[in-house]
Structures are given as structure tokens and as C-alpha cells.
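First to last, the sequence lines map onto chains A and B. Position 94 (the first sequence) corresponds to 94 in our numbering; numbering is contiguous. Position 524 (the second sequence) corresponds to 524 in our numbering; numbering is contiguous.
It should be emphasised that the hints constitute simulated quantities derived from the structure, not laboratory data. Here the structure is a predicted model, which means the values were calculated and not measured. The beta-carbon is built from N, C-alpha and C at its ideal position, and this holds for glycine as well. You may find that some hints are simply not true.
[Unchecked claim] Here are the in silico distance ranges between beta carbons for each label pair: (1) B/L171 with A/G124: 39 to 47 Å; (2) B/D398 with A/E64: 26 to 34 Å; (3) A/K117 with B/Q451: 50 to 58 Å; (4) B/D117 with A/L89: 55 to 63 Å.
[Claimed, not checked] Taking lysine to any residue and the SDA-like style, the derived pairs with C-alpha atoms no more than 20 Å apart in a straight line are: (5) B/K44 with A/F99; (6) B/K407 with A/A178; (7) B/K438 with B/G172; (8) B/K407 with A/P93; (9) A/K101 with A/A178; (10) B/K105 with B/R337; (11) B/K407 with A/G95; (12) B/K44 with A/D90; (13) A/K117 with A/P182; (14) B/K407 with A/V91; (15) B/K407 with A/P79; (16) B/K44 with A/D80; (17) B/K105 with B/K407; (18) B/K44 with A/K101; (19) A/K114 with A/P145; (20) B/K407 with A/P181; (21) B/K407 with A/D90; (22) B/K170 with B/A442; (23) B/K227 with A/D80; (24) B/K44 with A/V91; (25) B/K44 with A/A94; (26) B/K240 with B/E254; (27) B/K8 with B/G172; (28) B/K8 with B/R337; (29) B/K44 with A/A82; (30) B/K407 with A/P92; (31) B/K8 with B/K407; (32) B/K407 with A/D80.
Take a look at the letters that make up each chain.
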Amino acid sequence: MSIDRRSVIKTAALGALAFTVGGKSLLLTPRQARADGIPLSVLSDQEAAILSAFGEALAPGAAEAGIAHYVDAQLAANPDDALFMIRYLDVPPAGWRGFYKGGLAALEALSQEKFGKNVAALDGEEAVSLVRAIAASQPDGWQGPPAPFVYFVIRGDATDLVYGTMEGFEALGVPYMAHIPPETRW
Amino acid sequence: MDRLRSDKVDAVIVGAGAAGSYFAAKLAEAGKSVVVLEAGPAWKLGDLTSSMIHGRRLKGHAGAVELAGSNPWGYSFNAGRGFGGAALHHYAVWPRLAAEDFNVKSAHGRGLDWPIDYDELRPWYDRIQREVGLAGDAKAEVWRGPGEPYPMPPHPTLAGGEVLKRGFDKLGIRTAPVPMAINSREYNGRPACIYDGWCEAGCPTGALANPLTLHIPAAKAAGAEFKAGARVTRILSDAKDSVSGVEYMDEAGERHQQLADIVILAAAPVENPRLLLVSANDDHPDGIGNAGGQVGRYFMSHPLAIMHGMFADETAPYAGITGGQLTSRDGYTKDGREEGAFGSYQWVLATAIKPNDLSGIATSRPDLFGAELDVFMRRAVDHYAQMVGFVEELPDADNRVTLGEGKAVDGLPVARLTHSVAPETQALWGQVQAEGLKIYEAAGSEAAWGQQMVFAHAMGGTIMGGSAEDSVTDSHGRVHGMQNLLVAGSGLFPTGGAVNPTYTIYALAARTVDNMLAHWSDYTG
């Protein structure tokens, strides 16, 4: 009926995500997938670059933690199995890809308008300025999902990866205290 | 279309959550043949990974419900999926409804009355707490109605609870340990809690009373059959006053019929009325049980006033119990409030909070990002404390479940949930939030803040009452005018009080099971 409280259950799917490479499914953490240059399924390379840079501005460490590969894997998954936060913000699954693609495109357009640069090329101060431009209101001419919601959702992904993993807990000095740990540390 | 027909059973139950699994266990133990059909996965305790990210798999079906109204309800965060339902990720906070929650209309001229009162339900509250095991301090919990003492001592108050209690004490507001369906010591072969705060991700240890720990194993041991990936599409009825079973779709899309003497809908307050409505036929043109237009009406929930604060003290917010450490119901008196506010409220102090997730520390300051967020996080993980105010929402006929425009995987309409917060509830919520800030100040917080209104605990939609003109079921959950169709769960509640609903779900289920077993031929003809 109950399991040993300290036991670790080896289940291949826990912790890692499935990335399809050459027709085969590999189980990797987003960090590993990014480091290994695993091809993306849903996001374009440009969209991934925008997401990485914007995620990094929201929560330092998000880019290296693999936010682009994480979101890409969630968008490719069966909606019932998706793990990212938009899953329970009551956005219909049919709208998830459009939300991210539309939001990232709008960010890129705003970055070009404000700085004449891609999001991925912004320096630290410029990135902060970009975030502030959408965090609480819709910039003039914004063409995409509601800007503050784009901020909130991508911030959720970034904070999940930076603060919500076993590595994130350790970096904060928070004991993880798992009954059943995610199999692989993200 | 090929419809595979299974052998007829005594009872088919739709949904393997708290109520469904309880009915399955008790009916099977009484020798009845039982099939439970659950649309979601066959979760096992070993699936309950300690992670706020992976824990999201336990939550609502993506895209299941259209949301409308002035305050669209947060369905996906609250709903359940698979064996255990929402109870698999619930926090096991188990207060009883108060006596005054049962007669709001008679006492105050608004809201609704239950067809039973607290005294009538009390024996089953007492039985369930013995069977399941509740930890608490009935003497300190001065607001609780008459009943047996809790079988287990209360959980300890940890650092966060002590800090927040300072504020309550200073303002003369009473607190008591939260009554928890979580073991504070070994009980009935289940271990005690170890206070790691992973309740929301699902507790695999057996300490927290969830259906995977309690009634699903008991039901299976007694011979009940559970089918996962079995989405019930409609209730089968070929008579005006009875049903013959249900149709369901398996994961391959193949349709089956499960015939039964009794059908029990235990699929939670949105899906139960949706099934009644989509099962319309010539005998029931507006949906089964809907001759009076009441199916789906009076959806309720608890608006939450979530309070956040930082303290010089170390609070270890990541540890403890997600459901909290202490409670106060000094604010339960419904009337006599200012600015037109009406209703009860409850505080729960020191909810265990992890760094991430919608309910996490990082989301408590959604305005912060980058370096500022990191500075906040590094301090907050040791100095942050949260408490939650649960506010009563009165039943409103226009807060309701209807059929939406979209189509579910079975081709039938999805549910549409319309929800708006009434002015008296909005006013009460504002007052609760204001009190929360005073409590934090009195506790000596360095900073304190509230947030926008969010919601928890789906209730109503298939309320119990006197007739089809004003309700959907009788006090046992039997659908008016139908001999053998029952509804179970919090959808039966005509009012919701300001307390978490799961304990009352079980008490009502226990009362109904007793009635069914004592009068089985009344249900089966």
C-alpha cells in the first residue's frame, strides 16, 4: 500500500524529457539537450534564441538550464503530459504553440523597435528594459498575446528551471527532501 | 459503431476520486459487484514524484472546460485527473462544516438551505475521522461542532506557524491546529508525516489520506474493478425514471457499454452535470434530472486571500505541510459585516511553499525578475511565510455549468463554466485581505502583501434539496425522479461554508452508502 519513504523509484520518464532525434526517443534533461545541441521540434532556432535570452533576463541561469529545449519538449508533448505552467493557466492546448510563437515574435519586434537589435543580442541593461516594457502593460503596437501574460508565463518556465529543480533547490540552500526524486537532476 | 457490452454489475461508478473510490470500497466490501470508470491514468504511489513541475500531471485535463463569467474559474489548477482525482493532490485539510452552514437561507434570507443539518451528518463525520485518521485538537478548535475527539494528536507548529501566530495572538484572534487527514503518528498501518512539504505533488508515503492510500486498494481487494483511460461519454437511460448503465470510450477510441443496476456519478462538480446534460434523450429532453432546469446551477468555490510576508525570523517555509499548521475560524460569523459583506471565512497559517510553481515563493512577487528576483529568493526561502484566507461564496443560480461550443474527444460538447463573484463576496474578500495585512504587521513582519483573488474547491452544480424545481438530488445524492442514478461529491453541496470540502464529501458518501445498503431494493427495483 505505501512505499518506503526513502526509496528511489527508477522510472525512465521521471525528470528527463523525451527528445526525438533521428526517429529515436532520447531521455535528456533540458540542460543536457541544450548542451548536446539536440534539434528542436516545434520552436525555430530563432525562437529558441529569443526564449533563451528572455528567460535568462527573467531568471539568471535559465538559458543554461535549457529553457528553450524545455519549452520545445513541452510543446511537442501530449497536452495531458505537458509539465510547463501554461498547462494549468486555462489556456486551451490548441493555443499553446501560437502563444509562445506569437509572444516571442512580438518580443523580437519590440526589441528591434526599441534597440535595433535581436533579443538575443541585447546587453544586460537593454534586456532589463525589454522585460520592464511588457511586465505590467501592453506596449504600443504590440502584436501578440497579452504582453503581461507572456511575461508571466515565460517567467514561470524560467523560475521552474532555475529554482524548482534539485539543482535549483541546492543553489538556494533549500533541502529537497524528496520522497521520490525526479530521476535526473535538471 | 461497435459497442462492446460488458457484463452487468451492481454499480458502475464514474470517476476514481475521493467519493468514487469510497463508494467502490464500501459497496464491494458489502459484496456488490462494482466497476469504476476513470478517464485519466492509473496513477500509482510510485508515480508521485516530489516535484512541483512533475506534480502538474495530476491536475486537470487540458482544454476540458470553457471558462466564462466576470471571474473565470481556475479549473485546471484545481481539477484532478486519473486514479485519486483531485484528492490525489489535495492538502488534506479536513475541517467540518459548521452548523450555521446548513441553514443559511433560513437564518439570513439569502443563499440556500441543506435538506439535512449538522446533527444529522455528525455521526458520519465521526465515523470517517476514525476510519481515515484525523490529527488535530478538538478542544482548541473551539469552532468545531459537537463530535468525537480526533484519534491522533495535532501536528506540531513549526517556525512559520509560530511566527504568524504571534500576530493572531497580539490581535486576540484565536488559532488552533489545522485538523488534518495526515497521520501525526502511525495509524492503521500508515506512517506518520515527515513534514517535507511535498503534499501538492501527491503523497506517496501513506501518511496523507488520498485515494491511492485508502479506498482504491481496499476496493480492489474487495473485488471492485477499476478501468483507467475509460472516458464515460453518456449515461444510458431508456425510461423516464431509471438508468441502465453508461457508455464509455477507451483510449483507442472504441466505445463500450457498462450496464449496471445503479449508476453513481463521481466525476466532480463540472463533469457530473455535463454528463447529465449530454445524456439528454426523448425521455429527458433537457438532460437527465434537468426537468426543473437545475442541473449545473449554483456552482460555488472559495475565493482565496493569499497573504505573503517576510520576517527577520527563520521560517523554513519549504517544510511542514502544504495545507498549513494552524487555523482560525474566529471570522466565521456570516452577518453583521460592513460595506455589505456577507459570509464566513477561515484562515490557514503557514502553508508549506516550495521555491517555484504557481503557488511558489517566486510567484509571490511576480513583479520581480532577474537579479532582484534572485536576491529576493535567496532571502525568502528562509524568511518568507504565507497564510491563506478561505472566503465563503454563496450559491448563485447563474454561476453554472452548461454545455459549451467546443467538442470533447468523444464529439460531445465540452462543459462551459460560468462564474462571477458577487459584490458581498468581493467585499468580504477585501476585508479578509485587510485583516491579513494587520495580522502580519502585528506579527512583526518586515514586509507583507496580498495578491489578486484566486479560487479553490469546486462545489455545487448538482445540489441536494427538496425537489427537481430547486435542486438535482435528494439528501443522499439520488437524482430526483430517478430510481437508480446518484451523484456523489462536493457537487451536492447547496452551500460551501468557508472550509475545505473533502471531509464533508466523505461524510456524505458514508451516509449514502449506509442508506443504499440498507435499502438496496429501493434503488434497484
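These are the hints, each one checked on the structure:
no., hint, in the structure
1, B/L171 with A/G124: 39 to 47 Å, "holds (45 Å)"
2, B/D398 with A/E64: 26 to 34 Å, "violated (50 Å)"
3, A/K117 with B/Q451: 50 to 58 Å, "violated (35 Å)"
4, B/D117 with A/L89: 55 to 63 Å, "violated (40 Å)"
5, B/K44 with A/F99, "violated (33 Å)"
6, B/K407 with A/A178, "violated (39 Å)"
7, B/K438 with B/G172, "holds (12 Å)"
8, B/K407 with A/P93, "holds (14 Å)"
9, A/K101 with A/A178, "violated (35 Å)"
10, B/K105 with B/R337, "holds (17 Å)"
11, B/K407 with A/G95, "holds (15 Å)"
12, B/K44 with A/D90, "violated (26 Å)"
13, A/K117 with A/P182, "violated (39 Å)"
14, B/K407 with A/V91, "holds (16 Å)"
15, B/K407 with A/P79, "holds (16 Å)"
16, B/K44 with A/D80, "holds (17 Å)"
17, B/K105 with B/K407, "violated (38 Å)"
18, B/K44 with A/K101, "violated (36 Å)"
19, A/K114 with A/P145, "holds (19 Å)"
20, B/K407 with A/P181, "violated (37 Å)"
21, B/K407 with A/D90, "holds (16 Å)"
22, B/K170 with B/A442, "holds (6 Å)"
23, B/K227 with A/D80, "holds (18 Å)"
24, B/K44 with A/V91, "violated (28 Å)"
25, B/K44 with A/A94, "violated (29 Å)"
26, B/K240 with B/E254, "violated (28 Å)"
27, B/K8 with B/G172, "violated (60 Å)"
28, B/K8 with B/R337, "violated (55 Å)"
29, B/K44 with A/A82, "holds (19 Å)"
30, B/K407 with A/P92, "holds (12 Å)"
31, B/K8 with B/K407, "violated (30 Å)"
32, B/K407 with A/D80, "holds (17 Å)"
Figure legend: structure checked against the earlier numbered hints; hints not met, in rising order: 2, 3, 4, 5, 6, 9, 12, 13, 17, 18, 20, 24, 25, 26, 27, 28 and 31.
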